[in-house]
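A.B. asks: Residue numbers (the working numbering), protein chains in the order written: chain A, 4 to 300; chain B, 4 to 300.
The hints are simulated quantities; they were obtained by calculation from the structure and are not laboratory data.
Heads up, some of the hints might be wrong.
To be verified - Not the full set, but computed from the structure, chain A residues with beta-carbon under 7 Å of chain B:
hint: 1; residue: 151
hint: 2; residue: 263
hint: 3; residue: 264
hint: 4; residue: 276
hint: 5; residue: 279
hint: 6; residue: 283
hint: 7; residue: 286
hint: 8; residue: 291
hint: 9; residue: 294
hint: 10; residue: 298
What the hints assert, rightly or not - Each computed DSS-like pair below joins lysine-lysine, with the alpha-carbon atoms no more than 25 Å apart:
hint: 11; chain 1: A; residue 1: 6; chain 2: B; residue 2: 100
hint: 12; chain 1: A; residue 1: 155; chain 2: A; residue 2: 6
hint: 13; chain 1: A; residue 1: 100; chain 2: A; residue 2: 112
hint: 14; chain 1: A; residue 1: 290; chain 2: B; residue 2: 31
hint: 15; chain 1: B; residue 1: 6; chain 2: A; residue 2: 6
hint: 16; chain 1: B; residue 1: 204; chain 2: B; residue 2: 251
hint: 17; chain 1: A; residue 1: 6; chain 2: A; residue 2: 290
hint: 18; chain 1: B; residue 1: 200; chain 2: A; residue 2: 290
hint: 19; chain 1: B; residue 1: 100; chain 2: B; residue 2: 297
hint: 20; chain 1: A; residue 1: 204; chain 2: A; residue 2: 255
hint: 21; chain 1: B; residue 1: 297; chain 2: A; residue 2: 239
hint: 22; chain 1: B; residue 1: 297; chain 2: A; residue 2: 6
hint: 23; chain 1: B; residue 1: 6; chain 2: B; residue 2: 100
hint: 24; chain 1: B; residue 1: 251; chain 2: A; residue 2: 255
Said to hold, decoys possible - Here chain B is said to cover these stretches of chain A; the calculated rule only asks that three of the stretch's residues, wherever they fall, bring their Cβ under 8 Å from a Cβ of chain B:
hint: 25; stretch: 237-251
hint: 26; stretch: 266-275
Positions of the beta carbon are idealized from the N, C-alpha and C atoms, including for glycine.
Protein chains: 2
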Amino acid sequence: MAKIIECVPNISEGRNQQVIDEIVGIIKACPGVTFLDLSSDTSHNRSVLTFIGEPEPMENAVLAMTEAAIRLIDLRKHRGQHPRMGAVDVIPFIPIKEMDMQECVDFSKRVGNRLWQKYQLPVFLYEASATRPGRQNLADIRRGEFEGMTEKMTSEEWKPDYGDSLHPSAGAVAVGAREALIAFNINLSTSNVEVAKAIAKTIRTGGGGLSCVKALGIFLEERNLAQVSINMTNYKITPLYRVVELVKAEAKRWGVHVLGTEIVGLAPMDALVDSAEYYLQIENFNKETQVLEKHLL
Amino acid sequence: MAKIIECVPNISEGRNQQVIDEIVGIIKACPGVTFLDLSSDTSHNRSVLTFIGEPEPMENAVLAMTEAAIRLIDLRKHRGQHPRMGAVDVIPFIPIKEMDMQECVDFSKRVGNRLWQKYQLPVFLYEASATRPGRQNLADIRRGEFEGMTEKMTSEEWKPDYGDSLHPSAGAVAVGAREALIAFNINLSTSNVEVAKAIAKTIRTGGGGLSCVKALGIFLEERNLAQVSINMTNYKITPLYRVVELVKAEAKRWGVHVLGTEIVGLAPMDALVDSAEYYLQIENFNKETQVLEKHLL
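Whenever a hint applies, use it, and build me the whole structure from the sequences.
C.D. replies: As structure tokens, then:
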């Protein structure tokens with residue numbers, strides 16, 4: 004049985020298709036990795052790539068991708084809606100098969116160290132790989148962004164885990180192991196973004212809401228509706244159905260209902276099976292043995 | 004990419020554990036097949052086995068299993084609640100991976116032919132492998148059971164597809180390719196079996212209900228409740244959630260609700276993902292590309 008890791012790096016280019024294509028092409032050309040998804044956002048000027056592979060091919064692909072991003076993306080000229088600190092802004096690794104979180108943490112540290120050694124790109128270890136409290140959360144590491152990072156890194160608190168000075172054009176990168184993240188949006192039967200914002204505030208972890216849920220209220224211009232935009236950082240702790248049911252309950256206060264939802268990119272099978280199990284009220288279901296495909300993986 | 008077939012044979016022994024163990028052991032000892040599930044019913048005096056493998060190992064395992072069942076099970080002495088016509092009563096093949104239904108039909112015919120050639124066991128091709136109308140349905144083939152089969156087979160209509168005379172102790176077998184079947188039970192908040200029977204009648208295919216649904220109302224003595232016991236013969240046509248929602252709607256007429264459900268044995272991932280998609284109201288979901296594990300199969 005092979006170990007499989009998923010990698011979902013975010014690169015700071017969402018507009019120049021030639022640059023995006025070249026970086027994607029380099030990953031696709033790496034033997035032993037399978038490219039699964041590209042999602043670019045022009046207003047963010049940022050792309051999310053998804054690929055999977057065994058540890059050694061994965062390491063090679065991440066190095067090749069980073070080399071290309073450093074060569075092709077200059078943060079000094081980068082503008083976009085989304086906060087960023089590097090040409091490759093973040094490199095999350097998710098253990099998919101035959102690998103536990105600790106092994107994936109070790110893998111992320113090996114790759115992080117090589118990124119500094121090989122390309123002089125300073126690395127902050129984050130999420131499960133974080134080496135001190137206050138570094139689990141990417142937003143905390145990235146605060147100040149590329150432009151403020153040189154000064155931030157002079158403090159002992161924000162010394163990178165690998166490296167000591169910012170890369171002049173490519174900035175810094177966060178590398179770490181984490182659970183699969185599900186990008187999940189819930190569309191509401193209102194165009195009033197304030198309703199989405201109020202609901203987002205009540206369901207997210209910070210607001211007395213659910214664990215492992217990040218949520219924002221946004222307005223979707225093309226559909227003239229308000230959306231609760233959610234990152235579920237651990238579907239094993241907080242399942243999809245619980246978020247949907249809580250949003251439905253909170254929406255009632257506003258006389259609003261759920262029009263539909265979206266999963267952006269990929270979701271693990273178990274996240275969907277958990278919700279089927281809940282809604283179908285299946286008793287004593289063993290998802291490790293009773294889902295046929297589990298025996299084929 | 005390897006072709007994978009699932010086989011779910013029913014053998015006419017559900018009481019003598021030694022015989023069951025020997026037959027299961029013979030399948031487990033076959034290289035290249037993975038044994039997934041055994042479910043024996045003493046009142047039926049019948050066992051359902053589930054295993055998967057590539058075509059060639061699968062063919063060998065089915066031959067080895069049949070040889071053992073012929074040697075160990077004597078239909079002349081068999082008594083049980085469930086209708087049966089053979090020591091191995093039915094051998095369904097389900098195309099799981101890299102194989103379409105027609106290829107699985109061809110496979111079932113090759114295996115069926117060998118069962119007659121090698122063991123003088125007459126074979127009726129059924130379901131997608133049926134060679135004439137009226138032979139898709141196992142119940143029609145089996146009507147008359149072991150005891151009536153010698154006479155039934157003398158008519159032109161019921162001449163076996165392979166072979167011409169009943170095996171003296173092992174009877175006959177139905178062999179065919181079909182879609183995955185899901186054994187799905189719905190427990191009701193009543194001990195009145197008449198309610199379960201009435202609901203079963205309204206939801207099943209014959210009663211103006213849903214396509215590809217077989218249903219019976221039964222009384223579960225150990226839990227003192229009524230259950231709608233369902234075989235879903237094609238979850239791609241009639242999904243799980245539709246059956247649950249229709250049972251809920253029909254149950255209302257009796258002031259009854261659904262306590263819970265059970266999946267007996269295995270279910271394909273897609274059957275569960277379909278229901279998650281429905282209940283979570285996921286828009287534009289592509290289950291071929293957006294479920295991570297699809298890329299690992």
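A.B. asks: Is the shortest C-beta separation between residue 294/A and chain B less than 7 Å?
C.D. replies: This interface hint holds because 5 Å falls under the 7 Å limit.
A.B. asks: Tell me if the interface restraint on residue 283/A is satisfied: Cβ within less than 7 Å of some Cβ in chain B.
C.D. replies: With Cβ-Cβ at 6 Å, under 7 Å, it holds.
A.B. asks: Was the hint right that residue 276/A lines chain B, CB cutoff 7 Å?
C.D. replies: OK, holds: residue 276/A within 7 Å of chain B, min 5 Å.
A.B. asks: Please verify whether residue 204/A and residue 255/A have alpha carbons no more than 25 Å apart.
C.D. replies: Holds, at about 15 Å.
A.B. asks: So if I understand the rule, the pair passes when the alpha-carbon distance is 25 Å or less; does residue 100/A with residue 112/A pass?
C.D. replies: Status holds; Cα separation ~19 Å.
A.B. asks: Tell me if the straight-line CA distance from residue 100/B to residue 297/B falls inside 25 Å.
C.D. replies: Roughly 11 Å separates the two Cα atoms, so the pair holds.
A.B. asks: Are the Cα positions of residue 155/A and residue 6/A separated by 25 Å at most?
C.D. replies: violated (37 Å)
A.B. asks: Check whether the Cα positions of residue 6/B and residue 100/B lie no farther apart than 25 Å.
C.D. replies: Holds: residue 6/B and residue 100/B sit about 5 Å apart, inside 25 Å.
A.B. asks: At least three residues with a C-beta closer than 8 Å to a C-beta of chain B: is that true for the stretch 237-251 of chain A?
C.D. replies: Held - the stretch 237-251 of chain A has 3 residues with a Cβ nearer than 8 Å to chain B, which meets the minimum of three.
A.B. asks: Take a quick look at whether residue 6/A and residue 100/B sit within 25 Å of each other, Cα to Cα.
C.D. replies: holds (22 Å)
A.B. asks: Below or equal to 25 Å on CA atoms is what counts here, so check residue 290/A against residue 31/B.
C.D. replies: Holds, at roughly 22 Å.
A.B. asks: Holds or violated: residue 204/B with residue 251/B, Cα cutoff 25 Å?
C.D. replies: With Cα atoms ~14 Å apart, residue 204/B and residue 251/B stay inside 25 Å; holds.
Violation of the numbered hints given earlier is confined to hints 1, 8, 12, 18; the remaining hints are satisfied by the structure.
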